[in-house]
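Q: Residues per chain are reported as follows:
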Amino acid sequence: MKPELFFMLASLLFSIGIVGVVSRRNLFVVYMSIELMLSAISLLLVTFSKVLGTADGAVIALLMIGVIAAEAALFLAIIIHLYRRSRSVDSDAYQGLRQEANDA
Amino acid sequence: MLSLMVVLPFLSALFMAVLYLSMPRLKNQNIYTIIGVGTPAITVLLSLITLFSLMQGESTIYNTLFEWISIGDFNISVAFMADRLSAVMVSFITVIGTLIHIYAAGYMRGDAGYGKFFSYFNLFMGSMLLLVLADNPIMMFVGWELVGLSSYLLIGFYHHDSANITAANKAFILNRVGDFGFIIAIALLFVGLGAGGFTFDAIAANITTLSTEMLSLIGILLFVGAMGKSAQIPLYVWLPDAMAGPTPVSALIHAATMVTAGVYMVARYSFLYVEIPDVGLFIAYVGAASALFAAIIASFQSDIKKILAYSTMSQLGYMFIAVGLGAYSSGIFHVFTHAFFKALLFMGAGAVIIALHHEQNIFKMGALKKSLPLVYVTMFIATLAISGIPPFAGFFSKDAILVSAFSSEHYLIWAMATVTALLTAYYMFRMLFSVFHADVAEEHHLQKLPQSMTAPLVFLAFGSATVGFLGVNEAYGGSAWFNTFLALPDTPLHLSHTAEYLLTALNVALGLSGMVLAYRGFAKVAKPTEANTFVKTLVLNKFYVDEFYTLVIVKPLLVLSRLITNVIDPKLVDGFIGALVEGYRAIAREFTWLQNGKVRYYALQILVGVSVMSTFMLFKLGVL
Chain A
154 MKPELFFMLA SLLFSIGIVG VVSRRNLFVV YMSIELMLSA ISLLLVTFSK VLGTADGAVI
214 ALLMIGVIAA EAALFLAIII HLYRRSRSVD SDAYQGLRQE ANDA
Chain B
30 MLSLMVVLPF LSALFMAVLY LSMPRLKNQN IYTIIGVGTP AITVLLSLIT LFSLMQGEST
90 IYNTLFEWIS IGDFNISVAF MADRLSAVMV SFITVIGTLI HIYAAGYMRG DAGYGKFFSY
150 FNLFMGSMLL LVLADNPIMM FVGWELVGLS SYLLIGFYHH DSANITAANK AFILNRVGDF
210 GFIIAIALLF VGLGAGGFTF DAIAANITTL STEMLSLIGI LLFVGAMGKS AQIPLYVWLP
270 DAMAGPTPVS ALIHAATMVT AGVYMVARYS FLYVEIPDVG LFIAYVGAAS ALFAAIIASF
330 QSDIKKILAY STMSQLGYMF IAVGLGAYSS GIFHVFTHAF FKALLFMGAG AVIIALHHEQ
390 NIFKMGALKK SLPLVYVTMF IATLAISGIP PFAGFFSKDA ILVSAFSSEH YLIWAMATVT
450 ALLTAYYMFR MLFSVFHADV AEEHHLQKLP QSMTAPLVFL AFGSATVGFL GVNEAYGGSA
510 WFNTFLALPD TPLHLSHTAE YLLTALNVAL GLSGMVLAYR GFAKVAKPTE ANTFVKTLVL
570 NKFYVDEFYT LVIVKPLLVL SRLITNVIDP KLVDGFIGAL VEGYRAIARE FTWLQNGKVR
630 YYALQILVGV SVMSTFMLFK LGVL
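Going line by line, the protein sequences match chains A and B.
Taking the numbering used here, the leading residue of the first sequence gets 154, the next gets one more, and so forth.
Taking the numbering used here, the leading residue of the second sequence gets 30, the next gets one more, and so forth.
Rather than coming from a laboratory, the hints here were simulated on the basis of the structure.
Since this is a predicted model, take the numbers as computed values, not measurements.
Every residue gets a Cβ at the ideal spot worked out from N, C-alpha and C, and that includes glycine.
Just to be clear, a hint being listed does not mean it is correct.
Stated by the list, open to error - Taking lysine to aspartate or glutamate and the EDC-like style, the derived pairs with C-alpha atoms no more than 16 angstroms apart in a straight line are:
id, chain 1, residue 1, chain 2, residue 2
1, B, 627, A, 245
2, B, 335, B, 575
3, B, 627, A, 224
4, B, 399, B, 472
5, B, 600, B, 611
6, B, 556, B, 468
Stated by the list, open to error - Residues on chain A that point at chain B, a partial pick, calculated with CB under 7 angstroms:
id, residue
7, 175
8, 250
9, 251
Please take these sequences and the hints and turn them into a complete structure.
A: See the structure below:
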């Protein structure tokens, strides 16, 4: 199999992830989009590992899976916490970083 | 020893200042008297020892206290030098200064600021000694500035009256104008000659390496400094106002310190001024104009201290005529004799003022001859001396100046000086007769004078009568010991003895006629001059010079300041900064939509940023 196919798949997955993060408001969907982007990167790393014939990329990908698992636990906890605070999983409901135009 | 002489007054001033500040309510003021008068007395001893060792034929004495600044080749030491000129200056400054200190102990007795006064007074003495004994122009400038500072402190001594503060500020600010010239001159000298060492000796040795134009510029700028300190046209207006201080201060400023600094400075730089006779001529003309101008004003004044102030300015004019025309030792000789009789006049005036409970108008005095005989006799001697009546001190020095003015063939200067001599006799005797002879309507209730105020008068009267003999000219069988001793680069006179005798006769005749005029006008009934004609109004108002300065300098400055505070600063400067701030805010407001707090938008921004960077890098790396 040509590695180009894997590159294209990874790019596609990453783009879908980005579009998901930017356009969707549901925190769960946003989270899943981020996971998708991470998976795309893992795929890319493994592909490179195969192409170059070294184990480095595969090792990093394995590490990433572990990190992602830990991160998933944190992320879900944060989402639950946010939901408890304001009964909403809409990301637009959280605008604490907003700059008010009139208080400049 | 020289260092000790300069440092002692500063130390005692510091000590008294600390003592005064820590115990302002100290009842027993004897400690101030002992220290304040004792220190100048020690300096008298030291200065006389110095003078005598120089008279024994010893060459110039040097004394380095410590090195002040040393950067590479640039070395300024706190060093002192006593050559014949400075030794003579220091001797009479300390002697007369000490007498004034003794007098002040009586004059200021019981004043709440007694300790403060003596602290300032010693500071004044120390500054003047520093100025005179300085070994290089930098140290001289330090002394010069300190003299200005102490005069400011003393003129504004009675600081509860805002008029006195104004007078002190006026003196200080006008002196700053002069110092401006002085410091530029020093800087130019340093740029020109600093490489070869910056002591007076080194400068004198290298002075010919500078071009005449440069020397003239330096000479004029130095003289601007002298104008300020020595109250010459046009920077003289502070001197009459400086009378706001206590009378001993006036005596010290006018006799021993401060105003003589300018003349001394020109004599100190005589090695420079001999190279540029044209600048010297300018100095002489300024001196002559000041002498005549001040004499005219003095003839119409009615405040005893103002009359004396203008007479000082007039006598300083004489000194500048002398040093300007190259008769340096005659100028210094006049400084020397003038110190005696001017100190005496001021002390006498102070005694009269105290006796009459602070009355300064001569036309409210009168008939004090009987009640204050000692003051009368001593002041009479001083008046004779200042009027140039032989054989009193002023006669010899003034005559020497007039002779050198005549001999220089600048007859205008000579004529102005001669007219001034007549006026001097007139206004001085006008004052004397009004105060001591003229009838009064009511008896005065006199306050008793302490002995410390009268004893110095006697000593000074003796000095005023005799010190002139130190400089008797050749024409009168003397050897002009004073002038020979000073050994300054004088321009030689070329006059026959007959001409000298004639000139002297003329001067004496003018002096006597001034005296007679004053006697006829003021000995019986003394009335102030009325402003009934245009000329008299003009003179009584001092030619409106103060008003003129106010109009030409002060008012435009105020208008300009107001313009700046009201228009330029708020509208232009603040406006510009305000516009910057506003513009920044407006731009910032446009960007606030980026900070909308929505996570997705931030993610989008990151995406855009990363894309732009990646694209840029790809192009840079040449991949695409």
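Q: Are residue 556 of chain B and residue 468 of chain B close enough, with their CA atoms no more than 16 angstroms apart?
A: 11 angstroms, holds
Q: If you draw a straight line from the CA of residue 335 of chain B to the CA of residue 575 of chain B, is it 16 angstroms or shorter?
A: Distance ~15 angstroms between residue 335 of chain B and residue 575 of chain B Cα, so the pair holds.
Q: Quick check on the hint: residue 251 of chain A CB to chain B CB, less than 7 angstroms?
A: 3 angstroms, holds
Q: The hint names residue 250 of chain A as touching chain B; please verify it with the least Cβ-Cβ distance against 7 angstroms.
A: Given a least distance of 5 angstroms, the restraint on residue 250 of chain A holds.
Q: Tell me if residue 175 of chain A is really an interface residue toward chain B, meaning its C-beta lies closer than 7 angstroms to one of theirs.
A: 5 angstroms, holds
Q: Does residue 611 of chain B lie within 16 angstroms of residue 600 of chain B when you go C-alpha to C-alpha?
A: Judged against 16 angstroms, a Cα distance of about 15 angstroms means the pair holds.
Q: Quickly compare the C-alpha distance for residue 627 of chain B and residue 224 of chain A to 16 angstroms and report which way the hint goes.
A: Judged against 16 angstroms, a Cα distance of about 22 angstroms means the pair is violated.
Q: Taking 16 angstroms as the top limit, are the C-alpha atoms of residue 627 of chain B and residue 245 of chain A close enough?
A: It holds: about 5 angstroms lies between the C-alpha atoms, which stays within 16 angstroms.
Q: Given the proposed pairing of residue 399 of chain B with residue 472 of chain B, does the C-alpha separation stay at or below 16 angstroms?
A: 12 angstroms, holds
Hint 3 from the earlier list is the only one contradicted by this structure; the remaining hints agree with it.
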